[in-house]
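This is what each chain is made of:
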Amino acid sequence: MSWPAPLEEMRHRDRVFPHLRPKAKVDVSKNVLLYVEGVSVSFDGFKALNNLNLYINEGELRCLIGANGAGKTTMMDVITGKTPCDEGTVYFGQSIDLLKRSEPEIAQLGIGRKFQKPTVFEAQSVFANLELALKASKGIWYSLRASLSGPQRDRIDEILALINLSEAREQLAGSLSHGQKQWLEIGMLLVSDPRLLFLDEPVAGMTAQETERTAELLNTLAGDHTVVVVEHDMEFVRSIARTVTVLHQGSVLAEGTMDEVQNHPEVIEVYLGSDE
Amino acid sequence: MTESRSMLRLSGREGTLFIGVLFAVTVLASLANLVIPEDSFLHVSTYTITLLGKYLCYALLALSVDVIWGYCGILSLGHGAFFALGGYGMGMYLMRQIGDRGVYGNPELPDFMVFLNWQELPWYWYGFDNFGFAMLMALLVPGVLAFVFGWLAFRSRVTGVYLSIMTQALTYALMLAFFRNEMGFGGNNGLTDFKDLLGFDLQADGTRVALFMATALCLGGAFLASRYIMGSRLGRVILSIRDGESRARFLGYRTELFKVWLFVYSALLAAVAGILYVPQVGIINPGEFSPLNSIEVVVWVAVGGRGTLYGAVIGALLVNYAKTRFTAILPEGWLFALGALFVYVTLLLPHGIAGWFTRRFASKSVKEAAA
Numbered sequence: 001m002s003w004p005a006p007l008e009e010m011r012h013r014d015r016v017f018p019h020l021r022p023k024a025k026v027d028v029s030k031n032v033l034l035y036v037e038g039v040s041v042s043f044d045g046f047k048a049l050n051n052l053n054l055y056i057n058e059g060e061l062r063c064l065i066g067a068n069g070a071g072k073t074t075m076m077d078v079i080t081g082k083t084p085c086d087e088g089t090v091y092f093g094q095s096i097d098l099l100k101r102s103e104p105e106i107a108q109l110g111i112g113r114k115f116q117k118p119t120v121f122e123a124q125s126v127f128a129n130l131e132l133a134l135k136a137s138k139g140i141w142y143s144l145r146a147s148l149s150g151p152q153r154d155r156i157d158e159i160l161a162l163i164n165l166s167e168a169r170e171q172l173a174g175s176l177s178h179g180q181k182q183w184l185e186i187g188m189l190l191v192s193d194p195r196l197l198f199l200d201e202p203v204a205g206m207t208a209q210e211t212e213r214t215a216e217l218l219n220t221l222a223g224d225h226t227v228v229v230v231e232h233d234m235e236f237v238r239s240i241a242r243t244v245t246v247l248h249q250g251s252v253l254a255e256g257t258m259d260e261v262q263n264h265p266e267v268i269e270v271y272l273g274s275d276e
Numbered sequence: 001m002t003e004s005r006s007m008l009r010l011s012g013r014e015g016t017l018f019i020g021v022l023f024a025v026t027v028l029a030s031l032a033n034l035v036i037p038e039d040s041f042l043h044v045s046t047y048t049i050t051l052l053g054k055y056l057c058y059a060l061l062a063l064s065v066d067v068i069w070g071y072c073g074i075l076s077l078g079h080g081a082f083f084a085l086g087g088y089g090m091g092m093y094l095m096r097q098i099g100d101r102g103v104y105g106n107p108e109l110p111d112f113m114v115f116l117n118w119q120e121l122p123w124y125w126y127g128f129d130n131f132g133f134a135m136l137m138a139l140l141v142p143g144v145l146a147f148v149f150g151w152l153a154f155r156s157r158v159t160g161v162y163l164s165i166m167t168q169a170l171t172y173a174l175m176l177a178f179f180r181n182e183m184g185f186g187g188n189n190g191l192t193d194f195k196d197l198l199g200f201d202l203q204a205d206g207t208r209v210a211l212f213m214a215t216a217l218c219l220g221g222a223f224l225a226s227r228y229i230m231g232s233r234l235g236r237v238i239l240s241i242r243d244g245e246s247r248a249r250f251l252g253y254r255t256e257l258f259k260v261w262l263f264v265y266s267a268l269l270a271a272v273a274g275i276l277y278v279p280q281v282g283i284i285n286p287g288e289f290s291p292l293n294s295i296e297v298v299v300w301v302a303v304g305g306r307g308t309l310y311g312a313v314i315g316a317l318l319v320n321y322a323k324t325r326f327t328a329i330l331p332e333g334w335l336f337a338l339g340a341l342f343v344y345v346t347l348l349l350p351h352g353i354a355g356w357f358t359r360r361f362a363s364k365s366v367k368e369a370a371a
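Chains B and V supply the protein sequences, listed in that same order. Number 66 in the UniProt record's numbering belongs to position 66 of the first sequence; there are no gaps in the numbering. Number 86 in the UniProt record's numbering belongs to position 86 of the second sequence; there are no gaps in the numbering.
By construction, these hints were calculated from the structure, which means they are not laboratory data. In this text, a Cβ means the ideal position worked out from N, Cα and C, and glycines have one as well. Check the hints yourself; a few may be wrong.
As the list claims (entries may be wrong) - Derived DEER-like restraints, expressed as beta-carbon distance ranges:
(1) B:P84 <-> V:N117: 54 to 60 Å
(2) B:S147 <-> V:N106: 41 to 47 Å
(3) V:L136 <-> B:L144: 47 to 53 Å
(4) V:G99 <-> B:S102: 41 to 47 Å
(5) B:Y142 <-> V:F147: 17 to 23 Å
(6) B:G205 <-> V:V161: 53 to 59 Å
(7) V:W118 <-> B:H12: 48 to 54 Å
(8) B:S29 <-> V:L136: 53 to 59 Å
(9) B:S137 <-> V:E108: 48 to 54 Å
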């Protein structure tokens with residue numbers, strides 16, 4: 001007698017039910033948190049990513065630069081589950097295959113993402129925005145009965161202080177300035193305590209002072225968190241970057257320190273040369 | 001800084017006020033009908049009681065649309081379908097209660113089946129002589145339909161106008177199906193000529209008042225339950241799905257499950273409204289599935305102000321009162337008036353009547369605080 005696959009699993013009483021097995025831990029024994037290997041994505045024949053290889057180390061602060069259309073955002077879309085890829089593999093740690101998971105599952109694994117355009121829930125208060133992002137169960141029944149515990153409240157207060165929005169906690173997120181929204185979105189990522197953070201142009205639209213503060217913030221984050229920043233602002237990249245990866249036409253063109261990259265002949269030709 | 005806080009407090013206070021008014025009106029109207037003699041000035045006629053009951057059913061339907069549209073941004077133009085399915089469930093039970101008192105006197109078959117020369121009851125009519133079973137089906141069928149529809153639509157990430165059109169198509173398809181005599185639901189005449197409910201005569205004053213009170217009770221209960229949901233973290237997740245679904249997804253919320261859940265909840269409220277509506281108006285026919293009906297509900301919610309719950313109720317009551325008066329004075333003009341009202345509200349009162357009140361109230365209290 002054959003059983004449907006899920007029931008077939010349950011029938012074996014000598015084994016642990018698949019849904020009761022402990023959640024997969026992120027295996028970083030090789031000190032690499034994210035493996036992107038041979039990834040290609042094409043849209044209507046246009047190759048947005050072309051055999052891209054990228055390795056992000058645990059605790060690293062990595063900057064990604066590249067001209068428009070170099071594939072930076074598409075790469076984030078693939079890693080965070082938004083865009084399916086045609087070929088290649090993406091692993092979180094050594095054992096978790098990200099390509100098989102949906103956006104919410106990937107988010108729950110601890111991969112946070114800030115969009116290029118700041119996206120916060122404008123009709124809700126700053127505090128509520130952070131509450132929604134808390135690291136907690138994201139189920140329907142849990143949400144219906146959820147209330148904030150003391151430590152969770154403290155955590156939100158701590159983040160509010162970090163992103164300089166303590167004063168604005170009851171204000172609607174829609175009434176914040178552009179730069180404050182950027183920070184709130186970063187705060188929403190931080191409050192969920194992610195392993196890996198993707199920030200798409202975090203300082204776009206910020207004043208010089210705000211940019212400086214953001215650089216400071218990101219520098220303090222590295223170590224505890226792994227941070228990947230996509231940015232056009234070269235001054236900003238220089239102020240935070242340890243390792244810079246240059247993307248060009250969907251694959252990696254160069255990788256190294258800022259100085260190495262800036263003196264790389266091909267990079268000068270295709271990117272910096274035309275830019276400056 | 002206190003703006004959002006005071007808004008929240010206001011909506012809580014207005015909600016309590018709403019429950020109080022609903023309760024008071026229900027009790028007073030019921031007493032005025034049953035206790036005060038008919039020739040007294042204060043007597044409320046049974047006709048008025050039934051009319052009020054009907055309005056409250058519409059209010060519950062409007063509430064169900066507000067839950068899904070006002071809070072989650074899903075514009076359903078097909079909620080009339082869930083309302084009508086609930087109504088048909090109740091209608092089938094009432095049909096079976098007629099027994100041999102029908103025109104043809106057949107104890108087993110409803111009149112329209114005898115008329116169509118049917119020999120036996122179709123299988124899907126089995127069990128509908130049992131009130132509990134009938135009510136279960138009247139909730140289960142719309143609930144399952146909403147679940148299947150929602151599951152398919154939200155999982156495929158259909159949103160916006162496309163979803164609205166699909167809900168419209170859903171109710172239109174059901175209307176065409178129910179118009180067919182072969183379906184076994186009475187064709188275009190629908191189900192009517194009901195006699196009694198749980199043994200009580202539907203024409204009796206007492207039954208009418210009881211139905212009216214039951215409707216008020218369900219509306220109050222639905223209001224409180226919805227307010228609890230929207231005040232919880234679940235409600236905030238639903239709001240965030242409305243305002244930034246992909247952000248919510250990247251925070252780890254499986255937004256399609258939340259949407260399906262809310263859609264089913266809303267469909268059940270609509271079904272309850274339909275269940276209560278049918279014994280009070282005494283008929284259910286495929287016209288209830290007509291797309292126009294569902295669009296009208298959206299107009300009620302827009303007029304009352306979406307995303308406030310009580311706004312939807314106010315909108316439903318006002319527009320339906322206007323409709324009753326208008327269709328008596330100038331029947332052809334009603335649709336034009338409705339259209340004009342929708343345009344007026346969209347352009348000049350984007351937050352509806354509730355929003356207008358809240359704003360006036362808030363600015364006044366701010367002034368008072370400043371003085």
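Tell me the hint numbers this structure goes against, listed in increasing order. 2, 3, 4 and 6
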